[in-house]
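Visitor: Spelled out from the first residue to the last, the chains are:
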Amino acid sequence: MNITQNLLTIKDLHTSFRIKDTYFDAVDGVSIHLKKNEILAIVGESGCGKSTLATSIIGLHDANVTRITGEIEFKGNNLAELSEDRLNDVRGNDIGMIFQDPLSALNPLMRIGDQIEESLIYHTKLSKKERSFRVQELLTQVGIPNPKRVAHQFPHQLSGGMRQRVIIAIAISCKPSIIIADEPTTALDVTIQAQILDLLKDLQAETQSGIILITHDLGVVAEVADRVAVMYAGQIIEEAGVDELFSNPRHPYTRSLLNSIPQTHSDSEKLEVIQGVVPSLVNLPRTGCRFASRIPWIQEDAHENEPQLHEIAPGHFVRCTCWNHFYFEGEEGGSLT
Amino acid sequence: MSFMEIKDLQVHYPVRGGFFNTIVDHVHAVDGISMEFEKGKTYGLVGESGCGKSTTGKAIIGLEKITSGSIVYEGVDVTNQRRQRNSSYNRDIQMIFQDAHSSLNPRKRVKDIIAEPIRNFLKLSDLEEKKRINELLAIVGMPEDSKLKYPHEFSGGQKQRIGIARAIASNPKLIIADEPVSALDLSVQAQVLNFLKEIQQELGLSYLFISHDLGVVKHMCDEIAIMNKGRFVESGTKRDIYQSPQHIYTKRLLSAIPNIEPSTREARKVERINVEQNYQVENHKYYDTNGRVYDLLPISDTHAVAKKEEREVVI
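Heads up: the sequence lines are chains A and B, in that order.
The numbering of the first sequence is my numbering, which starts it at 149 and goes up by one.
The numbering of the second sequence is my numbering, which starts it at 2 and goes up by one.
Keep in mind the hints are simulated off the structure, nothing from the lab.
Since the model is a prediction, treat every value here as computed from it, not as a measurement.
Note that the Cβ used here is the ideal one computed from N, Cα and C, for glycine as well.
Check before you lean on any hint, since a few could be wrong.
[Unchecked claim] Taking CB as the label site, the calculated pair distances span:
1) Lys296(A) / Asp302(B): 50 to 56 Å
2) Phe4(B) / His458(A): 55 to 61 Å
3) Arg17(B) / Asp233(A): 35 to 41 Å
4) Ser179(A) / Gly51(B): 41 to 47 Å
5) Asn275(B) / Gln305(A): 30 to 36 Å
6) Asn275(B) / Lys296(A): 26 to 32 Å
7) Lys159(A) / Gly51(B): 43 to 49 Å
8) Gly41(B) / Ser194(A): 31 to 37 Å
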C-alpha cells in the first residue's frame with residue numbers, strides 16, 4: 149500500500165474523558181486511514197465513540213477533561229499534538245466539518261453570506277469583492293436557488309434542508325481535502341436526506357476530497373460509503389469495503405445490527421434483537437471481547453483474550469475470533485462457514 | 002366492525018398579525034381526514050415533518066382543539082368530551098410519546114407514573130393498585146424493584162417501556178404511538194417494536210402508529226395512510242402502498258428510503274431522479290391550483306388515491 153495515498157492516518161488513537169479523577173477511554177485504540185477521493189463511513193450506536201473520534205481529529209475537546217494520545221497524521225503533522233493556533237489553520241481550511249443539527253450550527257444573528265465568508269476571511273487573502281463572489285459560487289454549488297437573496301437572509305428564514313446545504317457550503321468554502329460529516333442527515337426528512345446525500349457524493353466526485361461520514365443509519369452507509377468501519381464500545385470491530393460488508397458481514401455485532409433493521413422489502417414478523425445494553429463508559433469491560441456479554445450463548449473459548457483485528461479477506465478486518473463460531477440464538481449451533 | 006370513526010377531521014391554527022393582532026389567516030394543519038379503527042389492527046400514518054401527522058394524533062386524543070369534523074366512538078359522538086375525566090373515551094384511548102424521557106415526570110417514581118391512569122380511571126384499592134403495577138411491569142418485562150426508581154435511572158429503551166406500561170395501565174382499546182422508536186438506537190428499536198407487537202396480540206390492542214420511517218411502518222402496520230399538507234394522499238393496505246404506490250408523493254417518499262444493498266445504488270439514484278422529475282411535471286394531476294391535495298378516490302376495495310377525477314380530464 150502506498151503511504152502517500154492516505155490523506156489521513158490515525159494510529160492507535162485513545163481519547164479519554166476524565167470522570168472524577170479517572171480517565172476513561174471513549175475511543176480505545178482506533179487505527180484507520182482515509183484515502184483521497186473516498187467516503188469512509190463510521191457506523192455505530194449511540195455511545196460507541198464515533199462522534200468522539202470525529203471531534204478528536206480536529207481537536208474540539210476541552211483539554212481540561214480530555215486526554216488524547218496516539219497519532220493523527222495529516223500532511224506530515226500529528227494533529228493530536230498541534231497547538232491550538234496551528235489547529236486553527238487546519239480547521240475549516242484543510243478539514244471541513246458538517247454538524248448534525250444545522251440550526252444550532254449556524255449563528256442565528258448573522259446573515260448566511262457573512263457566515264460563509266467568515267472562514268474565507270480567516271483562511272484566504274481574497275478581497276471583499278472576490279469573497280462575495282465566492283459566496284455566490286458556493287451557494288450555487290450546493291444547489292441553493294437564488295443565491296443572491298439567500299446570502300442576505302438569516303438562518304431562521306430557511307428550511308432544514310436549505311440550512312444543511314449552507315452548512316455544507318461553509319464546510320467546503322476553503323476547498324478542504326477532508327470533510328468530516330457527523331450525522332449530516334439525521335435531523336432531516338427522507339426526501340431531503342436523499343438530496344443531501346446525492347449532493348455530498350457529487351461534491352466529493354468534483355473536488356476529489358475525502359469524506360469521513362459518521363452515522364448510525366446503515367441505510368445511509370449503503371447509499372454513499374466506499375469503505376465502512378463499524379464501531380462498538382470505543383473500538384473498531386469490523387472494517388470492509390461497502391459491498392463486502394453488506395453482502396458478507398462477519399462480526400456478530402454487524403450481523404445482529406443488519407438483522408434488526410425493519411426492511412421495506414421483507415415481511416418477517418419478528419426483528420432480531422441484541423440482548424442487553426451498550427455498557428456505559430465507566431462500566432465497560434476493558435479486557436476480552438467487548439461484545440461477549442451480549443451473545444452469552446456463544447461459548448467463552450470462542451473469544452480471544454485480547455481481541456485483535458484480523459484480516460480475513462483483502463481489506464476486510466474483523467476483531468476477535470468469535471465470528472467464526474457465531475450463530476443467532478435459537479438457530480442450530482455450529483460454525484457459519 | 003370498527004369501534005371508532007373519524008369523519009372529516011380538521012384542525013386549523015389561526016395566524017395573527019397586522020394591526021391589533023387580528024387573525025389574518027389560518028394554517029390548515031389537518032384538513033379533512035377520515036379514518037376507521039378496527040380492533041386488533043395497526044394503522045400507520047406516514048409523512049414528512051410538518052405534514053400534520055402528529056397534530057392528527059393529538060386531535061384524536063384531545064390534546065388539540067378540533068376546528069370541525071367529528072369523532073364517533075362506539076356509536077357515540079365524543080368530539081366535545083374527549084378530555085372529560087370520567088368519559089370512557091378518555092380511558093380507552095392512550096398515547097405513547099416520541100421522547101420517552103421528557104414524557105415521564107422526573108420527580109415521580111416509576112410506580113406513581115404508572116399508577117396515574119389507574120388512579121384517574123379505575124377506582125382500585127391500594128392493594129389492587131400495587132398488584133396491577135407489578136402486573137404491568139411484568140408485561141413490559143421490567144424487574145419489580147424498578148418501581149421505586151426514578152426515570153433517570155433507566156436507559157432509553159427502558160424508559161419507552163415505562164411509557165408503554167403507563168399507556169396500557171387503563172386497559173385501553175387504542176394506543177396512539179407518536180414516533181415511539183425514532184429516538185432509539187437500532188437494536189433497542191427492534192426490542193420495542195417486537196414488544197409492541199407482542200402486547201398487541203395479548204391484549205387485543207389497536208395502534209395508530211405515527212412515523213416518518215417507512216421501514217418501521219411496513220413492519221408494524223396493516224393499513225397505512227400517507228399524509229401530505231394536512232390531507233391523505235393515499236391510503237391502503239401494506240401491500241397496496243408498497244407494491245403499487247399510485248400517488249406521486251408516495252412514490253417520491255418510497256424512492257428516497259436508503260436501501261442496505263449497495264449494489265443497487267446507481268439504479269436507485271436514476272429512479273430517484275426520474276421520480277423527482279415526474280413530481281415536478283405531473284404536479285397538477287395530484288394537487289389543485291392552490292396546492293391542495295385532491296379528495297381520495299377509491300381504486301380498489303382497500304386502496305384509495307387522491308387524484309383529479311378522470312372525468313374532468315376527458316372534458
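Visitor: So, for every hint listed, does it hold in this structure?
Guide: Comparing the hints with the structure gives:
1. Between lysine 296(A) and aspartate 302(B) the CB atoms are about 53 Å apart, so this pair conforms to the stated range of 50 to 56 Å.
2. At about 58 Å, the CB distance of phenylalanine 4(B) to histidine 458(A) agrees with the hint of 55 to 61 Å.
3. Between arginine 17(B) and aspartate 233(A) the CB atoms are about 51 Å apart, so this pair departs from the stated range of 35 to 41 Å.
4. Taking 41 to 47 Å as the suggested C-beta distance range, the pair serine 179(A) and glycine 51(B) conforms, at roughly 43 Å.
5. One distance hint, 30 to 36 Å for the beta-carbon pair asparagine 275(B) and glutamine 305(A), holds here, with the actual separation near 31 Å.
6. Separation of asparagine 275(B) from lysine 296(A) is about 31 Å and conforms to the stated range, judged on CB atoms against 26 to 32 Å.
7. A C-beta distance of roughly 46 Å is found between lysine 159(A) and glycine 51(B), which places it inside the suggested range of 43 to 49 Å.
8. Range check, glycine 41(B) to serine 194(A): Cβ separation about 34 Å, and the 31 to 37 Å hint holds.
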